[in-house]
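Chemist: Okay, here's what each chain looks like letter by letter:
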Amino acid sequence: MSTTASTPVAAPVQKLRLRDRIPVVHQLRQSVGLQRGMLVTGLVVTAIFVLTAIFAPLIAPYGFAQLRDVDGPFGSQQPPSADHLFGTTVGGYDVLSRVIWGAQTAILVIIIAVVLSIFAGVLLGLVSGYFGGWLDKVLVVVCDAIYSFPSLLLAIVMAIAISGGQSNLWGGVLAAALSITVVFIPQYFRVIRAETVRIKAEAFVESAKVLGASNSRIMFRHVLRNATRTLPLIFTLNSSEALLTLAGLGFLGFGIEPTAAAEWGYDLNKALSDVTSGIWWTSLYPGLAIVLVVLGITLVGESLNDLADPRLRGRRRVAQSAGVVAETSVVPGGTLTAGPGGLAGLEDEATFDEHGIEVKP
Amino acid sequence: MTSTTTATTGADPVRKRSTRSSGGSLGRYILIRALLIIPTVFILVSVVFLLMRSTGDPITAKLGGQVPPDQLAERIHEAGFDRPLIVQYLEYMGGVFTGDFGMTITDNRPVTEVLFTYGSATAELAFYALLVAFAVGIPFGLIAAYFRDKGQDALLRVFAILCYATPVFFAGLLLKLVFAVWLKWLPVAGRASTGSTIEMEFLPNKTGFYTIDAIMTGDPAVLGDVLAHAVLPAIALGLLTAGVFLRLVRTNVIGTLGTDYVDAARSRGVAESRLLRKHAYRPALIPIITVIGLQIALLLGGAVLTETTFEWKGLGFQLVEYIQARDFVAVQGIVALLAVIVALTNFIVDIIAALIDPRVRY
Numbered sequence: 003m004s005t006t007a008s009t010p011v012a013a014p015v016q017k018l019r020l021r022d023r024i025p026v027v028h029q030l031r032q033s034v035g036l037q038r039g040m041l042v043t044g045l046v047v048t049a050i051f052v053l054t055a056i057f058a059p060l061i062a063p064y065g066f067a068q069l070r071d072v073d074g075p076f077g078s079q080q081p082p083s084a085d086h087l088f089g090t091t092v093g094g095y096d097v098l099s100r101v102i103w104g105a106q107t108a109i110l111v112i113i114i115a116v117v118l119s120i121f122a123g124v125l126l127g128l129v130s131g132y133f134g135g136w137l138d139k140v141l142v143v144v145c146d147a148i149y150s151f152p153s154l155l156l157a158i159v160m161a162i163a164i165s166g167g168q169s170n171l172w173g174g175v176l177a178a179a180l181s182i183t184v185v186f187i188p189q190y191f192r193v194i195r196a197e198t199v200r201i202k203a204e205a206f207v208e209s210a211k212v213l214g215a216s217n218s219r220i221m222f223r224h225v226l227r228n229a230t231r232t233l234p235l236i237f238t239l240n241s242s243e244a245l246l247t248l249a250g251l252g253f254l255g256f257g258i259e260p261t262a263a264a265e266w267g268y269d270l271n272k273a274l275s276d277v278t279s280g281i282w283w284t285s286l287y288p289g290l291a292i293v294l295v296v297l298g299i300t301l302v303g304e305s306l307n308d309l310a311d312p313r314l315r316g317r318r319r320v321a322q323s324a325g326v327v328a329e330t331s332v333v334p335g336g337t338l339t340a341g342p343g344g345l346a347g348l349e350d351e352a353t354f355d356e357h358g359i360e361v362k363p
Numbered sequence: 345m346t347s348t349t350t351a352t353t354g355a356d357p358v359r360k361r362s363t364r365s366s367g368g369s370l371g372r373y374i375l376i377r378a379l380l381i382i383p384t385v386f387i388l389v390s391v392v393f394l395l396m397r398s399t400g401d402p403i404t405a406k407l408g409g410q411v412p413p414d415q416l417a418e419r420i421h422e423a424g425f426d427r428p429l430i431v432q433y434l435e436y437m438g439g440v441f442t443g444d445f446g447m448t449i450t451d452n453r454p455v456t457e458v459l460f461t462y463g464s465a466t467a468e469l470a471f472y473a474l475l476v477a478f479a480v481g482i483p484f485g486l487i488a489a490y491f492r493d494k495g496q497d498a499l500l501r502v503f504a505i506l507c508y509a510t511p512v513f514f515a516g517l518l519l520k521l522v523f524a525v526w527l528k529w530l531p532v533a534g535r536a537s538t539g540s541t542i543e544m545e546f547l548p549n550k551t552g553f554y555t556i557d558a559i560m561t562g563d564p565a566v567l568g569d570v571l572a573h574a575v576l577p578a579i580a581l582g583l584l585t586a587g588v589f590l591r592l593v594r595t596n597v598i599g600t601l602g603t604d605y606v607d608a609a610r611s612r613g614v615a616e617s618r619l620l621r622k623h624a625y626r627p628a629l630i631p632i633i634t635v636i637g638l639q640i641a642l643l644l645g646g647a648v649l650t651e652t653t654f655e656w657k658g659l660g661f662q663l664v665e666y667i668q669a670r671d672f673v674a675v676q677g678i679v680a681l682l683a684v685i686v687a688l689t690n691f692i693v694d695i696i697a698a699l700i701d702p703r704v705r706y
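Residue numbers (the numbering used here), protein chains in the order written: chain A, 3 to 363; chain B, 345 to 706.
Don't read these hints as lab results, they were simulated from the structure.
Being a predicted model, the structure only gives us computed values, none of them experimental.
No false leads were slipped in.
When the alpha-carbon atoms are kept at most 25 Å apart in a straight line, the in silico DSS-like pairs for lysine-lysine are as follows:
| hint | chain 1 | residue 1 | chain 2 | residue 2 |
| --- | --- | --- | --- | --- |
| 1 | B | Lys-528 | B | Lys-657 |
| 2 | A | Lys-211 | A | Lys-139 |
| 3 | B | Lys-528 | A | Lys-272 |
| 4 | A | Lys-272 | B | Lys-657 |
| 5 | B | Lys-622 | B | Lys-494 |
| 6 | B | Lys-550 | B | Lys-657 |
Based on the provided sequences and hints, a complete structural model is requested.
Modeler: Right, dumping it as structure tokens:
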């Protein structure tokens, strides 16, 4: 019966129903009370953001680089009126239109940046964790060095190196996305590497080896499939970080040209001098757009994070009796790197818990 | 999980045994941890060196289009930017190891002087921001933990997420608009007004830290002026970290509130608010120490944005200008300093954590 022997041992015992297997739907059904409120709010805000980005050409009253219509130029720094609900910028653009078009730029950068960093980070983490040796040590030290450094500063240098500081729509979007990618790779690398090191020791990997499976088959079929559980969490939290980095780049003047695409950070940069003369509409709306989108995505990520951890799930009594809750969240500024295990994170895989997150040994 | 790991075949168990056998020695732990600072700084400086060289050269960035190409090439040759990259790299690294960071290309000053002048401004901003973060994050975190899962808690958690979701520069712009432009309570930008700056310039041994300099002038008006300038930037930058502190205090206080010794105190009839203040609060603060290392990186990144928003002439503000001018030497110097600061903070934090909790060193 060679056929049964060669089937992967890792196959789940029981298939869940489809609706329980779709990531967010399952969590939505699982959540209660306040947590459900947070998740739903986050999902609604994120959905609005995505819809705005997709239908920007239909919703926006003007183009993002449009300076005049049939009645003549819009004029500079016009306060909100019936023609321009959010007023016009110092450059004479319509603020509302640029806020709406900005969603499109934001979503493009987020998707490209996160997808690229997942691919690169997962691949590196998998290879590094599976083969170990000197390559693993070097990669860990390099990733730790990059991760500990202020990400925005690295992104600025990357942006300059890639685009030379100014660019058209795709050039700018790609430059911004790539700069963010480099900063994010270490995060995926760490998580996947830790998981790989753990799974490598499992019995089903051993048996696959005994059966003569190749390294690549073991890595991608047996290890990778079991190592990706925490990815959705990092994915959502990284999306919001990607948007903040993009806005930061734009604000410092290393982003996308205003005629190539609408970008909220850039608009805020131009609004810097308006504020001093009391002009509020040029900064308020792009800024609120950033806050809302980051808030929405973060709420989704937070809720998924809490729901993934049974001790944080919304059952009051259970949670209280669970006692000391290890800091395992992958929240922004959380403990992923800090490594309560300290040096152990570099030398000893025993400091990672079953979620692949570093804890005290 | 530990048992399965140690059961693996290959070199791993051997290596592990060797680390274990030397376990328990704090001195060795500190030594290894200190040695790790070197590769961290080395890697970052190398990465930035390579990236900056790929962006062009400072002479073209400054004179491009103004002088004929052959003259431009000559100037680049004189400055040595046409030599092989590896030669330039070795030369620069050699300088760094002897403490010589070179001269800035754009304004021809020693990099160490630039670091000292602007570093003090950034350090001052970061200090005030941390004060704000502690003052907001810790009490609010305690309140959130006390009212766990009630309205106050929900409100404060949303506040914490808002702190994170609001870009520093947008928070800065709003604060500026409301408190500086509309209400006119506080100055719009800068570190001090012209009068105070002049007064501090004449100090015999000025430190560059405006607060200290202002105290040394002995003029309360100058001190007031300097402090008033620091309020809005400190709040803008501090709130970013305050959100993180709030959540951390909340999670940890909830954790300690569930421990046996708190239960024991509760059964003795200790009031709930006293439990919070006297029993659960202190042990919950320890994890904050361990995340401060991370927060320093976040603060330094945020400082670049805050400094640009408020024209606070610090390292971040200057870094952006130097990057735009392609001043490699200055950018590398600033990055090296920031890398050292981040690595040192993490080192100190790890040592403190090891002193508090023996399980960390092994």
